[in-house]
Amino acid sequence: MAYSVTINGETREIDAPGEMPLLWALRNELGMVGTKFGCGIGMCGACTVHVEGQATRSCSMTLAAVDGKQVSTVEALGETPVGQALQQAWLEDDVMQCGYCQAGQLMNATALLNTNPNPSDEEIDAAMQGNICRCACYKRIHSAIARVARDEETANV
Amino acid sequence: MSEPITLSRRLFLKSSAVAGGGFALAATFPMAARATAVSGPADLNAFITVHPDNSITIVGKNPEIGQGIKTMLPMLIAEELDADWDNVTIEQADTDAAKYGPQLAGGSFATPMNWIPMRQAGAAARAMLIAAAAQRWGVPASSLATEPGRVVEKTGSRSATFGELAADAAMMEVPEADSLTLKDQADFRIIGRAIGGVDSPRIVRGEPIFGVDTQLDGMVYAAFERSPVFGAKLVSADLDAAKAQTGVIDAFTIAGNPEVELVDGIAVIADNWWLANKARRALSPQWDNGEWASHSTAGYAQAAKDAWAAGRSDEVFAAKGDVDAAFAEADQVLEAEYSYPFLAHVAMEPMNCTALMHGDGTMEMWAPSQTPQGGQQAVASYLGLEPSQVTVHITRMGGGFGRRLNNDYMVQVAAIAKEMPGTPVQLIWSREDDVRSDFYRPAGWHKLRAAVNAEGKLTGWADHFVTFDLGDGAYNPAAMPAEEFPAKYVDNLKFEQTKLKSAVPMGALRAPTSNALAFVMQSFLDEVAHATGKDLPTLMLELTDGVEAEPMTQGFVGPQPGFSAPRLQDVTRKVMEMSNWGQPAPEGHAKGFGFYYSHMGYFAEVVEASLDERNNPVVHNVWAAGDVGSQIINPFGAMNQVEGSIIDGIGQAIQLAVEIEGGAAKQSNFHNYPLPRMPMTPQIHVEWVLSDNAPTGLGEPALPPVIPALTNALFALTGKRVRSLPIDKAIFA
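Chains C and B supply the protein sequences, listed in that same order. Residues in the first sequence are numbered consecutively from 0, following numbering that gives the first Met the number 0. Residues in the second sequence are numbered consecutively from 0, following numbering that gives the first Met the number 0.
These are calculated hints, taken from the structure and not from any lab test. Watch out, some of these pointers could steer you wrong.
Sample of chain B residues facing chain C (criterion: CB under 8 angstroms; computed from the structure) [stated by the list, open to error]:
no., residue
1, Val203
2, Gln214
3, Thr245
4, Ala346
5, Met396
6, Asn639
7, Asp647
8, His670
9, Pro675
10, Arg676
11, Ile683
Don't be surprised by glycine CBs; every beta carbon is placed ideally from N, CA and C.
Go ahead and model the full structure; you've got the sequences and the hints to work with.
Below, the structure written as structure tokens:
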């Protein structure tokens with residue numbers, strides 16, 4: 000049967016088995032390959048998307064479970080102020096090495112700053128520890144998130 | 000069973016062997032190709048296209064795995080071209096050995112191999128632009144200079160942009176590489192600047208750029224079922240049951256071919272990879288696991304103990320002096336057994352490759368490979384084609400770490416695509432496939448002995464190394480060099496080895512051999528230092544005191560400086576100063592030191608560590624002093640490599656191992672192969688020791704010393720010696 004999912008503001012009909020993970024519906028049914036496959040068991044965070052605004056591992060969320068829901072992916076990250084600020088910080092700080100995990104890192108970091116605009120160092124660690132970076136760019140990911148939080152706070156004063 | 004790895008090693012070397020000298024610019028950049036572009040964009044050589052609007056396209060020839068090479072090599076070209084970097088766009092080259100020379104990501108070779116040739120490519124184009132301006136204005140070339148993006152008169156007012164000159168420049172004679180004068184270091188405008196990765200803007204927007212992002216019209220997806228037991232043969236499988244699964248298009252068996260690292264298995268094809276992978280469960284494959292199914296890490300470890308107990312080795316591979324006398328006359332004899340496990344690479348982007356067999360029998364591939372030229376040859380050999388009949392597009396890779404030096408997945412998808420001509424196929428491995436079908440960092444076992452005389456001098460050094468027999472391929476990731484430190488600095492020496500047979504595939508993991516030997520040798524030297532009442536950096540300085548740098552030697556990439564004890568001494572002193580080595584660490588913390596020379600780079604590192612309430616090691620600070628020559632080409636990329644290497648090494652030390660049980664890897668995914676995560680990140684302090692040597696690579700040399708620096712810190716903290724990796728926290732109880 001077909002499922003109806005609103006992805007980055009556009010409602011899409013997806014005709015695939017309900018138990019198919021959202022990740023593979025995005026990548027192979029819709030050709031939206033920005034969301035990455037890393038482990039398939041929700042342990043690495045490379046496939047992180049937002050479902051109803053919540054950071055969600057799309058490899059472990061079935062298509063049936065997102066029927067009728069709002070999903071946003073890295074392809075639309077730049078449309079939000081926080082997402083755009085993080086993208087910019089990522090480039091200015093040259094955060095990445097291979098870059099494969101960064102879509103997931105950025106989506107997770109955006110969800111963090113959306114719910115906690117001024118996280119402590121420990122809160123950044125705690126929120127980001129589900130996202131593996133095999134190249135271990137953790138120092139830069141951490142400092143880029145902290146800098147965006149600081150800049151946003153300054154902007155709001 | 001035949002050795003599983005040899006062909007790839009040969010291909011790897013073959014594609015690297017041409018690296019030595021520079022290249023003939025004129026031969027590489029045929030005039031005919033350039034002459035066709037008189038009015039549009041002008042190709043000045045294989046790497047540089049200048050457009051009429053003065054924008055410049057530079058080709059990045061090597062595969063990008065996250066080491067920053069797609070940014071760094073074009074920086075070298077742009078520097079000598081005197082391009083305005085803001086007007087430069089980088090394009091990834093396809094695989095073409097004739098056009099680009101060697102294209103590989105491995106061994107930290109790219110910097111030493113390309114430091115001169117890439118700059119020559121830029122300088123040649125610059126000379127042609129100047130020649131074109133000289134001709135246009137009727138002045139000698141010597142009266143002209145360049146500023147970023149333009150040719151100017153040294154005294155005079157005329158100037159022209161590269162874009163205005165490009166069409167004429169393309170018709171100029173290509174200068175001999177030797178005739179070119181390269182810039183002085185003081186004149187660099189681009190080299191030495193922190194420049195962000197050229198692909199990063201696309202990556203943060205989620206644009207398709209990695210191998211697994213390849214999408215072609217009508218493309219189908221393949222999953223591959225193999226036995227988890229290495230060396231197994233396929234007996235039977237229920238192909239019809241798999242074909243009956245939702246979305247499945249086809250399922251067929253693939254016969255193994257060890258010459259090209261192809262294993263027996265079953266391909267399942269579907270219009271969605273998840274469906275293809277799921278249908279594997281219906282296959283019910285039967286395997287003949289053969290003699291290898293009884294193999295295990297524990298069995299290998301027992302074999303090592305048996306070899307030591309029997310004093311039985313296959314060969315003595317280094318000896319000097321009279322080692323028996325040294326031990327007989329010693330004031331102290333130290334003896335210890337060290338070991339380290341198999342490790343997997345687990346690049347974030349699982350192994351994958353896309354292939355299309357065209358109607359004329361030629362093959363086109365989109366390959367995330369560190370050795371695409373080797374992959375091209377392997378696929379051609381397997382299919383009975385010429386390499387020129389296999390087009391290999393090089394994709395960006397989500398990490399390599401040495402895993403993608405082996406091109407088994409390229410041959411695998413070629414074997415699949417051959418069965419479905421006209422249909423593009425994307426093969427993807429699950430993470431479980433990746434962890435359980437790796438070419439692992441070899442495990443190893445060392446029984447070490449050290450003799451110390453009454454004056455506290457190290458007089459004898461012996462190792463009985465138990466490793467694996469990987470055949471006689473030119474590159475052996477399970478080997479130990481005869482000159483392994485401190486071999487050259489001890490009068491009496493004996494290295495012997497026992498080689499175990501195994502079907503476990505083994506290969507190069509970032510800083511191969513060094514990532515294991517640094518731990519063993521720097522730890523045991525730390526034992527010697529403690530036994531003689533000094534610390535390890537002091538012992539290292541004493542052992543190499545007054546030793547001069549060795550002369551130039553013929554290395555893997557051509558002439559290279561021999562090992563330099565003064566460079567060892569410089570980075571050692573530097574890191575002692577950076578870390579306040581003589582001062583105690585904060586309460587409950589301790590510091591440890593490690594040095595290692597690998598991939599032509601010298602790194603001395605100090606780790607400050609503690610144990611948490613559950614005796615888990617915690618790393619607080621790492622200080623690293625590195626000497627990779629006269630120039631850090633891109634400080635952004637360089638620092639990223641060092642920070643990543645350090646965290647990578649800490650992860651290996653604390654929590655990573657692949658165990659072989661029943662002839663197969665026991666680990667399968669991140670729940671039991673737990674890579675480091677953000678909370679493990681220490682403060683990392685890096686300083687460069689610049690030396691009068693050509694720059695060398697940074698993908699690897701910062702990793703090895705951090706492991707012994709950590710375990711030596713834990714000894715300083717607890718008095719307990721870590722002699723086996725990963726660290727068993729039970730020893731601290």
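Unsatisfied constraints (hint numbers, rising): Of the numbered hints, all hold.
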